[in-house]
Amino acid sequence: MTRLLEVPTELEELRDSPVLRGKGTYRIALLIPLCGAAGLWAPSCISSAQVAVEELNRANGIAGRKVQLVMIDAAMEANISIEETVNDLIETDSIDAIVGMHISSVRQRLSKIVRQRIPYIYTPLYEGGERTDGLFAIGETPQEQLGPSIEHLQNEYRPRSWALIGNDYVWPRTSHNYAKAKLREMAVGLAYEKYLPFGLKSMSRFVEDIARSGAEAVLISLIGQDAVAFNRAFGKAKLHGRMIRLSCALDENGLLACGAKNSQRMFAASSYFGGLPTEENATFKEKYYRVHGDQAPVLNTLGQSTYEGVHFLSGLMQQHEKVWREYSASDVLPVIHRSGRKLSSSNKGARAPIYLARAEGLNFELIKEI
1 MTRLLEVPTE LEELRDSPVL RGKGTYRIAL LIPLCGAAGL WAPSCISSAQ
51 VAVEELNRAN GIAGRKVQLV MIDAAMEANI SIEETVNDLI ETDSIDAIVG
101 MHISSVRQRL SKIVRQRIPY IYTPLYEGGE RTDGLFAIGE TPQEQLGPSI
151 EHLQNEYRPR SWALIGNDYV WPRTSHNYAK AKLREMAVGL AYEKYLPFGL
201 KSMSRFVEDI ARSGAEAVLI SLIGQDAVAF NRAFGKAKLH GRMIRLSCAL
251 DENGLLACGA KNSQRMFAAS SYFGGLPTEE NATFKEKYYR VHGDQAPVLN
301 TLGQSTYEGV HFLSGLMQQH EKVWREYSAS DVLPVIHRSG RKLSSSNKGA
351 RAPIYLARAE GLNFELIKEI
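Residue 1 is where the sequence shown starts when you use the working numbering, and the numbers rise one by one after that.
Where hints are given, some of them may not hold.
Unchecked claim - Restricting the straight-line Cα-Cα distance to at most 27 Å, the calculated cross-link-like pairs of lysine-lysine (DSSO-like) are:
id, residue 1, residue 2
1, K322, K287
2, K66, K236
3, K261, K368
4, K180, K238
5, K180, K194
6, K112, K261
7, K194, K182
8, K368, K180
9, K201, K182
10, K261, K194
11, K261, K201
12, K261, K287
13, K66, K182
14, K66, K285
15, K287, K236
16, K238, K287
17, K66, K368
18, K238, K201
19, K368, K285
20, K194, K236
21, K285, K322
22, K285, K342
Unchecked claim - So the derived label-pair ranges between C-beta atoms look like this:
id, residue 1, residue 2, range
23, G129, E54, 33 to 39 Å
24, Q116, G24, 23 to 29 Å
25, D294, E91, 40 to 46 Å
26, D294, K194, 38 to 44 Å
27, G129, P353, 19 to 25 Å
28, C35, D88, 17 to 23 Å
29, R325, E156, 32 to 38 Å
30, D93, A59, 42 to 48 Å
31, L366, R160, 24 to 30 Å
32, D133, A59, 27 to 33 Å
33, E208, N79, 48 to 54 Å
34, R325, R58, 25 to 31 Å
FYI, nobody ran anything at the bench for these hints, they're computed from the structure. Quick caveat: nothing in here was measured; it's all calculated off a predicted structure. Even glycine gets a Cβ: it sits at the ideal position worked out from N, Cα and C.
Required output: the full structure, derived from the provided sequences and hints.
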């Protein structure tokens, strides 16, 4: 079993950490939310990244150096300044790269701090359009994930109007702008739109508003515990009888927390699910459970993304060590790397197919590749 590194919470603790004093290691700052609305993703993200680290260290590490993870709380609710922390660690040569699984607003702030000094791999789904040199966003975008999902559900269930609800930051707003364009294209109505701050304890009022709106489908772009709270309130109101739900950020952790009775007629779109029946996922799962045992945190798209992010970093350094500063996600720099997703390589880069799944009890059942 792999033992998790202790997570320093203050900048002074980070400076004094024995992990950061080693000169013969390649130190990756793993930026993940350890508290707040998205904190429920942390165990899976840490565990998945550790599998990649073990694989690399069984070989030649990165650049001939053993790899170590430095966990940093990148939650919006964290009590540290993420910009100050990251800048200080870079300035003191305490980290060699960043793998980040956090919300887009944190990425936008850090992109102005990192400034190509070290590689920055951003792993989750996001709104698209990242063009910062030296920053590589490898997750799916609304055009890949949301558009085909809405089209499929619209054709299958024919809802006359949709409600949109999300947290108040760049990814939900950009995704919903894209969704509204798709709905207009399909001549489908918009009944409701709302953006919420993180950490609201009660979602009942918003569920009631959606019920009164007449919507027959709901796009949920709330993250982590906020999505759980909304879906519990939705289930309690028994609205699933007259509305379908779609989320592009609901993972297996969130599904378990929602509960089976609160997840009826719930759909999720993603490039990865824990039950994905592919060779790539079978290999990843075998390694994951060998490292962490049968009681490991549940596999999901956001956890897998840190596994892939660490391997993407390794491939980037091996294949493009001298030129990575001159490229970004928008350049589609070809990087051969391991993943739990099914990647298709071409001269335009490696992209994973998107799958639509339906919640069945406490599991996601794949419907189709879209």
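Status of the hints after comparison with the structure:
1. This hinted pair does not check out: K322 and K287 have alpha carbons roughly 31 Å apart, beyond 27 Å.
2. Distance check on the hinted pair: K66 and K236 sit about 50 Å apart at the alpha-carbon level, beyond 27 Å; violated.
3. For the hint linking K261 to K368, the alpha-carbon distance of about 23 Å falls within 27 Å, and the restraint holds.
4. Simply put, K180 and K238 have alpha-carbon atoms about 26 Å apart, close enough for the 27 Å limit, and the pair holds.
5. Restraint check for K180 and K194: the C-alpha separation of about 13 Å stays at or below 27 Å, so the hint holds.
6. A threshold of 27 Å between alpha carbons decides the hint, and for K112 with K261 the separation of about 44 Å lies outside it, so the pair is violated.
7. Between the alpha carbons of K194 and K182 the distance comes to roughly 18 Å, so the proposed pair stays at or under 27 Å and holds.
8. Pair hint K368 plus K180 holds up; C-alpha atoms about 24 Å apart against a cutoff of 27 Å.
9. Annotation: proposed proximity of K201 to K182 is violated, straight-line Cα distance about 32 Å (limit 27 Å).
10. For the hint linking K261 to K194, the alpha-carbon distance of about 25 Å falls within 27 Å, and the restraint holds.
11. Using a Cα cut-off of 27 Å, the hinted pair K261 and K201 holds, with the two alpha carbons roughly 20 Å apart.
12. Of the supplied pair hints, the one linking K261 and K287 is violated, its CA atoms being roughly 33 Å apart against a limit of 27 Å.
13. At most 27 Å may separate the alpha-carbon atoms for a hinted pair to count; K66 and K182 exceed this at roughly 47 Å.
14. Under the criterion of a C-alpha separation no larger than 27 Å, the hint pairing K66 with K285 is consistent with the structure, at around 23 Å.
15. Note on K287 and K236: the hinted pairing is violated, with a Cα-Cα distance of about 39 Å set against a maximum of 27 Å.
16. At most 27 Å may separate the alpha-carbon atoms for a hinted pair to count; K238 and K287 exceed this at roughly 40 Å.
17. Of the supplied pair hints, the one linking K66 and K368 is violated, its CA atoms being roughly 40 Å apart against a limit of 27 Å.
18. Note on K238 and K201: the hinted pairing holds, with a Cα-Cα distance of about 19 Å set against a maximum of 27 Å.
19. Using a Cα cut-off of 27 Å, the hinted pair K368 and K285 holds, with the two alpha carbons roughly 21 Å apart.
20. Proposed proximity of K194 and K236 is supported: the alpha carbons are some 20 Å apart, at most 27 Å.
21. Restraint check for K285 and K322: not satisfied, since their Cα atoms lie roughly 33 Å apart, outside the 27 Å limit.
22. Restraint check: the Cα-Cα separation between K285 and K342 comes to about 13 Å, which is no more than 27 Å; the hinted pair holds.
23. Separated by about 34 Å at the C-beta atoms, G129 and E54 satisfy the suggested range of 33 to 39 Å.
24. Between Q116 and G24 the beta carbon distance is about 25 Å. The supplied range of 23 to 29 Å therefore holds.
25. The hinted window of 40 to 46 Å between D294 and E91 holds, with their beta carbons roughly 43 Å apart.
26. At roughly 41 Å, the beta carbons of D294 and K194 sit within the given window of 38 to 44 Å.
27. For G129 and P353, the hinted distance range of 19 to 25 Å is satisfied, since their beta carbons lie about 21 Å from each other.
28. Hint check: C35 to D88, Cβ distance near 21 Å, so the stated range 17 to 23 Å holds.
29. Hint check: R325 to E156, Cβ distance near 46 Å, so the stated range 32 to 38 Å is violated.
30. For the pair D93 and A59, the beta carbons lie near 24 Å from each other, so the given range of 42 to 48 Å is not met.
31. Take L366 and R160: their Cβ atoms lie about 27 Å apart, and the range 24 to 30 Å holds.
32. For the hinted restraint 27 to 33 Å between D133 and A59, the CB-CB distance of approximately 29 Å keeps it satisfied.
33. Separation of E208 from N79 is about 34 Å and departs from the stated range, judged on CB atoms against 48 to 54 Å.
34. Checking the proposed 25 to 31 Å range against R325 and R58 shows it holds: the Cβ atoms sit about 29 Å from each other.
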